[in-house]
Amino acid sequence: MIKDLINPTNFNLMVSKVSDVLVGALDKPLGYAINWGRIWSLWPVHLETACCSVEFGATSSPRYDCERFGIIEAFGSLRQCDLIVVQGTVTRKMAPRLRMVYDQMADPKYVIAMGACSITGGLYIDSYNVLPGIDGIIPVDVYVPGCPPRPETLIQGCMLLQEKIKRSKIK
Amino acid sequence: MYVIARENKKVENKMTDTNTNTESNTNNTNKSSNLKIVESDLKIENSLYSELSSQFPDKVQLVYTKPKRIKIYVKPENIIEVAFFLRSHFGLDHAESVCGTDYPNENVIEVIYHLNSYSREELSQIIFALSTKTDRNSSYLPSLLPVFKSVEYHERETYEMLGVYFKGHPRNERFLLPEDWADIPPLKKDFRIKGR
Amino acid sequence: MTNEFSESLEKKLEETTKLGLEVVKEATEDRLMKLSVGPQHPGSGHFRFTIKVDGDYIVYCDPDPGYVHRGEEKMCEYRNFIQNIPHLERPVIHDSTNITYSYSLAVEELLGIEVPRRGQFIRAIASELNRQVYTLYWLAIYGIFLGHSTMFMWPAGDRELFIDLLTALTGARVTHAFNIPGGVRNDIPDGFKEKCLEYVNYFEKRLKEYENIFYNNPLFRQRTENVGILTKDDAINLGVTGSVLRASGVAYDVRKVEPYDVYNEIDFKVQYMKTCDSFARAYVPFLDMRESCHIIRQLLDKMPESGEVRMKLQSNPKGTPGESYKRVESGRGALSYYIVSDGSSRPYRVKISVGSFRNILALPHLLVGSRLGDMPCIYWALNYWPVEADR
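Protein chains in written order, with my numbering: chain Y, 1392 to 1562; chain R, 603 to 798; chain U, 36 to 426.
The following block holds chain Y by itself, in its conformation from the complex (with noise of 0.2 Å):
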C-alpha cells in the first residue's frame, strides 16, 4: 500500500509534507534556541563591492566594536557565514559574482544592503555601469541607509536583523 501512495511524481510533495512537518514539530520547542544561537553568531561574508568597505572596517574596529553584538569581523570562508553585507554600489561587472557568493552560501543566509548606491544606486544612479539597487540579484533583508552609513546606523541595521531572526520561523 505504501508503494501505492508513493511513487517518484508524488515524491517530492511527501518529502515537503514531512519537512513541515517536522518543522512545525520543531519550531514550537526548539525554535527559540535556534534563533537565539543564529542571532548571535552572524558572520558576514568577506565581499566588498565598493567605498562602503571603509566604514564597515572601522565597525569592527575598537571604538564601535561590533562582536558585543553578536556580528563576528569578517575573516571566515563563505562556507560558514550566514550574512552578506552588501558595501555599496554594485557594478555591472560585480552583480554575478555577488549572485555567486549568494548562491554558494549554505542556509539560512541574510543579506543587509548597506549605503545608498545598494539601495537605489544612490549618488551612481546615471551612470551606465551601476545597477539600480540590488534588489534584481538578491533579496534584502534589511536597508541600512546613508552615504556612506556611520558604524553606529550599520550596528543598529544588524540588530534590526537580528530582531528579524528572531521573530522568523526556523528552516
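Because the hints were derived from the structure by calculation, they are not lab data.
Sample of chain U residues at the chain Y side, in silico, Cβ under 7 Å:
#, residue
1, 75
2, 81
3, 422
Each residue gets a CB set at the ideal place from its N, CA and C atoms; glycine is no exception.
Please build the complex by placing chains R and U on the supplied structure of chain Y, with the hints as guidance.
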C-alpha cells in the same frame, strides 16, 4: 591672464617673506624682479621646445607653454621617433597618464601622453604633454609601449574607453568594463547616459 | 636520391623535435595550477587577479580590475564644476580631501580665481589630517593581510581621533566635500587648534609604540624583508608613484618638486628608503605619517589668525576654454586631474590619473617569481586602493 595671477601670488609671498622697511623701493624691485621670475618660469619650457624643434624642425608643433606645463602636437607617424628622443635626450622616463578626448565636431580623437621625469631633478616639476590626433571613425595609433613601459595599462584603458586601437600593443582588450560590454566605447561623445 | 632522403629525414627529425617540444610544453602547462584571487577573498577587496603557480612559485599574473568601475569620468561631463565634487571624492572616501584638492586646483586655474591665504592653510591642514586617516586605515588592513590582529586594532582605533578632528572641521565623518573651487567650505571651529595639537602630540607618542610593536616585530620583518624587490630602474620604468617609488630610492614627492598652495613655505623632508623591498614599502608610509605630524604643527603655527577662507564664486561658474593639469601628493602618490573646458559650465573632459592605477603595473612584475605565501604582503604593500583605480 594666468601669468598675471601667478605674478601677484609671487608678489604676496615675497612681501610676506621680506621685511618691508623701505616700501617704495621694495615695490619697485619686486616689480622688476617679477618679470624676471615669469621669464625664468618659462625658461626651461622654452629651451625644451627650442631643442626639440631644432631636432625635428617640421614634425613638432607647439600648442602652449604655461609655467611647468608644455604641450606639443605630433603627427601619429612621427610619434615614436619623437617619444624616443624625449626619453633618451630629455630623460622624460615615465608617463603619468594617457588621456583620450573625443571631438566629434572636428572628427578627431586626441590622445595625450603626460610625461614626467624621475631621473632629472630640474624636469621633475614639468609635465610634458605629447599629443597626437587620429581619425574618429578608424582610430589607429602606434603604441608607445616600446618607449615607455608605464603606458601599458593606460593605453589599454584608452582603447576600451574610446576605441583607439594601439598598433603594437600586445593586449588591445577589455580592462575595466564588464566582460559582456556590447555597446560603443563609453567615453565617446555619442554614448549618451540614459535620461541625460 | 640521398639528398632527398636526407632532407626528408631532417624534416621528420624536425617534426619529431617540434612535437617533443610541444609535449614537454604541455607537460609543463599541466604542472601549473591556475588560481583566481578575488573578488571574494579575505583581503583582495574589490579586485581580482589570476595567477598560475608552479608548486609554490608564481609564474604568471594577470590583474583584472574594474569591479567598482562607476564611470566617474563620464558622469563629470553631465554635471557642472561644483556638482562634481561629491561624487569625485567617493573613489577614496578615506582620503577624500586629497582627491578633491587637485580637482579644485585644476578648476581654479580654469576659472582664473585664487584662494585666500587662510583658505590655503586650512586646505593643507585638512589634507595632512586626511593623509593620516588614509595611511592608518591602510596599515590596519595590512594587519589583516598578515594575520596580525593588534595591527588592525591599534591603527583603526587611532584613526578615529583624526576622524574626530575632521568631523569637527568639516561636519562629516569620511565624505567631507570640504575642498571646493575657490577655497574651503567653512572656517575652522573654536578650539580646533589646541585639540589638533593635543592629538598630534599624542599620536607621535603612539608612533614610537607602532615602530616597536609592528616594524621591529621579528615576524613582520621576516615576512616582508627581501620580499618583492622593485629596483630603482624598474620603479622608474614602470612609472610607479608615491610610497612605492620612494621605497625604491627615488626621493620624489609632489609636495616638494612642484609645491602647490602653501607647501613651499613648509620645511619638511622627503622620506625614502633604498632597500626596495616590501618592508620599505610598508615603512615609508609610516615615516610619512611622522613627517605629516611636523607639517601639521608648522601649518597651525603659520596660519593667519583671521581672514577669508574662500573666494565667493558666481553661481554656476563658466570655465575659460582651455585645459589644465594639476596634481597633488595623496596617500598613494601623485594624484592628478586633467580637465578640458569648452567655455560652458560643465567640463568637456575630466581625466583622473590616480596613484593606484599606476602602481598596479608593478604587481605582475613583482609577483612573477615570488612565492605564493608572499603574495599578500607584496600586494597590499603596493598601496593600492581598488576603488580608486577603477574610478
